[in-house]
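A.B. asks: These protein sequences, in sequence, are chains A and B.
Position one of the first sequence corresponds to residue 565 (the numbering used here), numbered consecutively onward.
Position one of the second sequence corresponds to residue 6 (the numbering used here), numbered consecutively onward.
A hint or two may mislead.
Stated by the list, open to error - Chain A regions said to be covered by chain B (calculated; three or more residues, Cβ under 8 Å):
1. 593-602
2. 620-629
3. 677-683
Treat the hints as calculated values from the structure; they're not laboratory data.
Built from N, CA and C at the ideal position, the CB exists for glycine as well.
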Amino acid sequence: MAYSDKVMDHYENPRNVGNFDKEDSHVGTGMVGAPACGDVMRLQIKVSDDGVIEDACFKTYGCGSAIASSSLVTEWVKGKTLEEASTIKNSDIAEELALPPVKIHCSVLAEDAIRSAINDLKSKKEKVKEEH
Amino acid sequence: MSHLPIYFDYSATTPVDPRVAEKMCRYLTMGDGLFGNPASRSHLYGWESEKAVDEARQHVADLIHADAKEIVWTSGATESDNLAIKGAAHFYHKQGRHIITSKTEHKAVLDSCRHLEREGFEVTYLDPEANGLISFEKLEAAMRPDTILVSIMHVNNEIGVIQDVAAIGELCRSRKILFHVDAAQSAGKIPIDVRAMKIDLLSLSAHKIYGPKGMGALFVQRKPRVRIEAQMHGGGHERGMRSGTLATHQIVGMGEAFRLAGLEMERDRIHAENLRQRLLDGIAGIEEVYINGDMARRVPTNLNISFNYVEGESLMLALSDLAVSSGSACTSASLEPSYVLRALGRSDELAHSSIRFSFGRFTTEADVDRAVELIAGKVEKLRDLSPLWEMFKEGVDLSTVQWAAH
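All chains should be built: construct the whole structure from the sequences, respecting the hints.
C.D. replies: Laid out in structure tokens, this is it:
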């Protein structure tokens, strides 16, 4: 199938590949998807005390669109507050990358990854509060 | 296009051998007057093309040790499978309504069986063993007094494993059950002897062995006589089993391809074995590589490999300089990986990570060397991107991870 130039760009030069320390209280990790479905995305965000995403990284097992969606998302969330980041919609991702209908699930997964990373961070904070 | 990707998809189709194409062309144009309808009995044009059709029929029959009278021309192996399975079922339904096949058959066989189920036939779909082969014990256990047909492919299209059709044929003949073999992937690659193998019906394709697309044949045994009900009705061509004007140039192409395959089978085999070994040696240094399907009982033209923790479609994208196919069906709406690999009991991850390399007469060592170089680099790059690879390297057992389903 033919991929858009933007997908190919992210696929060939993925942005922000890597990992942060999962245990760091400023890091939120979201892992979504399953090997059985052919894609697994792990998105990590590093958030300042005032709730701004300072850095993001990802690793993805999946097709070209899945890799591109997660790479794009790491660029988009940087500099955003958690609240702003949580408003990113799968349709925005799909539109930016010109994903064909059969690949929409990749953008859905990327949106889920953001949510999951934010939730992970919030539950960490809750836990810290409880402990204090 | 500036340069073509290197072709590694001979199991999907082969280029027509130039010697075949040249011969076919002579039967298309006015030229030597060879374009006629072989059914025309009243003039030279008809006689000449009938002669060409007869010669081609003999070449096809020779390759499988059959009689020319037992060859029925069709549009390809899919039609042959349909004609054999539905044709036999419809003719013999009064003797029984049970059919046995396997889960790794081609869709042309599986869908024909599904169709018969809707008509009231019962079908047993055998699970292959982990190496892709059918167990005789399981086959024998599935046989019933009302079983009329067993359909098992000779060589699997995805994993290239060779079934022991002679042993299956023996078993079927002893139970007086008809035996159909889809030989689309084996003809011309390994010897076929329909008598020794006790095969009653055999499907053949031209375009898998350097002949034209849109051309195939069905072997229908005459002694003892096997009957099938026609699926295509009309002018009563092919002794009533398949009507339609014979496509002389296509038939000539298939005949020539089969003649050449008979002459060059040994050379093609050695060539393919060398290439496959070269590919295997080339990737031997890559970790977590799994070969799908039995390595010993396998045609030399096929190598189906899973690169664990790398998704097949993204690997294909990375290997866009190579024309290969993947068991990952990420492009299809179902998201289901290869049903063949799943039937072997391969995990979903491995099924999603599979790539089929198939090579043939025109593949060169330089092609394989280029492929090895690309594979090594791209697999490493994609594994650096893969969270599963990272977890594997950290010693995480992926089967114990609770995945968020979607």
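A.B. asks: Indicate, hint by hint, whether the structure satisfies it.
C.D. replies: Hint by hint, here is what the structure shows:
Check result for the stretch 593-602 of chain A against chain B: holds, 8 residues qualifying (beta carbon to beta carbon below 8 Å, three or more required). Counting residues of the stretch 620-629 of chain A whose beta carbon lies closer than 8 Å to any beta carbon of chain B gives 6, which reaches the threshold of three, so the coverage claim holds. With 1 residues having a beta carbon nearer than 8 Å to a beta carbon of chain B, the stretch 677-683 of chain A misses the requirement of three or more and the stated coverage is violated.
Hint compliance for this structure: hint 3 alone is broken.
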